[in-house]
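**Q** If you want the building blocks of each chain, they are given just below.
Number of protein chains: 2
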Amino acid sequence: MAASETTEAEYDVVVLGAGPPGENLADRVHAGGLSAVIVESELVGGECSYWACMPSKALLRPVTARSEARRVAGLKDAVTGPLDAPAVLAHRDDFASHWKDDGQVRWLESVGVDLVRGVGRLDGPRRVVVDGGRVLTARHAVAVCTGSRAVIPGIPGLAEAKPWTSREATSAQAVPGRLVVVGGGVVGVEMATAWRALGASVTLLVRGEGLLPRMEPFAGLLVAESLAEAGVLLRTGTEVREVRREAPGGPVTVILDSGEEIVADEILIATGRAPRTDDLGLETIGLEPGSWLDVDDSCRVRSVAGDWLYGVGDVNHRALLTHQGKYQARIAGAAITARARQVPVLESDRWGAHAATADTEAVPQVVFSDPEAASVGRTAAEAERAGHRIRVIDHDLGAVAGSALYADGYRGRARMVVDLDREVLLGATFVGLGVGELLHSATVAVAGEVPIERLWHAVPSYPTISEVWLRLLEAYRG
Amino acid sequence: MAASETTEAEYDVVVLGAGPPGENLADRVHAGGLSAVIVESELVGGECSYWACMPSKALLRPVTARSEARRVAGLKDAVTGPLDAPAVLAHRDDFASHWKDDGQVRWLESVGVDLVRGVGRLDGPRRVVVDGGRVLTARHAVAVCTGSRAVIPGIPGLAEAKPWTSREATSAQAVPGRLVVVGGGVVGVEMATAWRALGASVTLLVRGEGLLPRMEPFAGLLVAESLAEAGVLLRTGTEVREVRREAPGGPVTVILDSGEEIVADEILIATGRAPRTDDLGLETIGLEPGSWLDVDDSCRVRSVAGDWLYGVGDVNHRALLTHQGKYQARIAGAAITARARQVPVLESDRWGAHAATADTEAVPQVVFSDPEAASVGRTAAEAERAGHRIRVIDHDLGAVAGSALYADGYRGRARMVVDLDREVLLGATFVGLGVGELLHSATVAVAGEVPIERLWHAVPSYPTISEVWLRLLEAYRG
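So the sequence lines, in the order shown, correspond to chains S and C.
Following UniProt numbering, the numbering of the first sequence begins with 1 at its first residue and continues without gaps.
Following UniProt numbering, the numbering of the second sequence begins with 1 at its first residue and continues without gaps.
Simulated from the structure, these hints should not be mistaken for lab results.
Bear in mind the structure is a predicted one, so any value in this text is a computation, not a measurement.
Fair warning: there could be bad hints in the mix.
What the simulated footprint calls covered on chain S by chain C, stretch by stretch (three residues with Cβ under 8 angstroms from a Cβ of chain C suffice, anywhere in the stretch; the number is not a length) [what the hints assert, rightly or not]: (1) 51-60; (2) 64-70; (3) 317-330; (4) 348-358; (5) 363-374; (6) 428-439; (7) 454-463.
Glycine is no exception: its CB is placed at the ideal position from the N, C-alpha and C atoms.
Please construct the entire structure, taking both the sequences and the accompanying hints into account.
**A** Right, dumping it as structure tokens:
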């Protein structure tokens, strides 16, 4: 049902932001018997549905499917040509629901959650004002699920040049002739991969030494090698000093710290994210506008008294991934429901129903590059920094029979990081074609804390890529 | 090193059969400090390397890769034509090592295991005679790893018609114009899939009601639907009454129990397997030639005194799959080594180092059909027969965002079977494109006995097909 037209309304839970975390949290608390309303100023469905996961994967799936087909006997000669870019873009439009949120609104209605369109701002404890008018009061909780936005660095001329962010890069209606991508993280790598495959000349500028710096180093190396083969010009150790676009729609000149100039049609900035908390009225409850929200394992904001404020999804900076935001929403939704019923909440009970323990121990991520890079849990370096006594086991993924059968000249690598004290996995990384679905086996092993001894009984089916598990275990046994 | 030329030799362990189970067992006991010899009458590497897993998957990978490419925007129009059959067959030849075992022999040498070529037969306890001459004596164990062969039913005219078995179906050098496949299990389904895609007219004759009868019923239904769309003529509830081939190389006439006649160029018999134990000298130690070997969880033959005889791989009839044979080889190799050192062997210690517990609890299998069908552990029917109190959760795999992104019009289904008393998974089944690598997540969950409550913390990366896990858990919580 639609929200009533009164200027004041009271709900058990008021949710700011209708991305996947907000939607899932509202659904959970409603399923737990609480009333819930979501306030959204843009499209219901959020960044993921229109300007991130969905459109980006719709752009990338043809790239990996073609890459695989090109390595399969009897098929490879048919797929030597370029992708049909207009077809890919049209298909992407479908997966972004043509930037209309009717379907998501219907879903909200179907689960019994009210929707208020507008900008919601806190106005003291448990009180939200929408567009300066309507007042929503929360009996039990306000959940901030407003996500993040791309940061545009203060480089001279950059803002005026109207750069692409992840939003424009996932929703552009035509392939730019020349694209400069700034940033070697997931967004930069994925968008360089997609637009290069769609026909753009792509230059990828990275400040550091390599790509995908949050993964094991070999991930960035293998992806960089493949991008170079696809014709992407990769420049590491490079910063942008200035950007100039003389005329709207005209070419953009990117001036590097070396003084070198690159002329392109578009520039994509993918250097970081900032929380969308700057215009939320945080100052009315003693928090700093524009700051990430510091939450405990139930996603309750630590510094706010009364257990009524939650931060779920990107805003809490625990793990900026849609699936982790949804996970947090399930946990926080359960915690809010429990607290409303005065049931004890054990947010310090690791792996319990009210603790988002996976945010620190078992975050999975698949980069839909060519080849894919997939990881879960801690890298070797992270595990060491955390003080674990570890052993690192690597294996050449191309040496697995299932991989060789999957694609000619398969290149890839797998790593597992073993906690020597408990003999469980702390993390795993796979890079190669077709590893996107293989990752979840490692996620179950890490989150499940399945002992190495038991993993020997988890037999991989022959001949799949998954048989790398056997090789990793054999190498560990040594 | 090569076996010495003496006519008598003593080893700690004598292995009959150099397929993957024999190779792995010999490797394991040698790594444990025991001497080992393998006796092989055909090619080192066994059925899997030359007439099963490797060539069959080399024939099938192009089929699934093309099927996927045909469902991807921007690529689909390039792959409307047929597969290049000669290219696929040539590639298959490479993966069957051109039916030469030099590489496998080098591997045996590299791990320090001797090889004796010839037919090995038992001649009383711990004694093997090769080709009626050379005698090999086993100080500790003889391991029978001779595998299985296709059964040719006693249908009038069938043997004389020289039917294909799995061997000919995986090694044929040309595409038959018309192929009749008898049997709806894995071999029948995979070979009907492959040869149809390579251009043959295929009729698939099944005695029962459906395909893949050992999996959940929906697996066979989905695969049957897809085979029909590919143009395979499926006839269920049908038996072959007689077969006639008038001239060698000429057409074969298949007469059904209905009296109907089907004329084809080749007939593939894929109706079952028999143990290769008929010519092993089993009678010299009181066992029945041609019988499956009845073994305990360490793969020791129960009825033979003295703990010296093992049956590993297909011969023990526990699970006729290469990966399970290799798994048993690791377990049996550890048990043989332990017994040789007079270390206690705890074959009744479930999930321990000397018990092949996964053979009963967590056997994985991927059928490389189009779409793939993958399962692990118990089906719902099996779990009920075993007396478990279960709940069955199904989900439409095509309704997962990651599946829709993976392939247009994705069709598939997932099922998990939950043990309500322990709240762990007893089994899982996935049918759909790209599920072959997804299976291992379920294998880890089943073999690891990871509680449902903990599986909530194993977050699937968005948007992958693996997100079906979340949907299954939500439905279970339901």
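**Q** Which of the listed hints are broken here?
**A** Result: no hint breaks.
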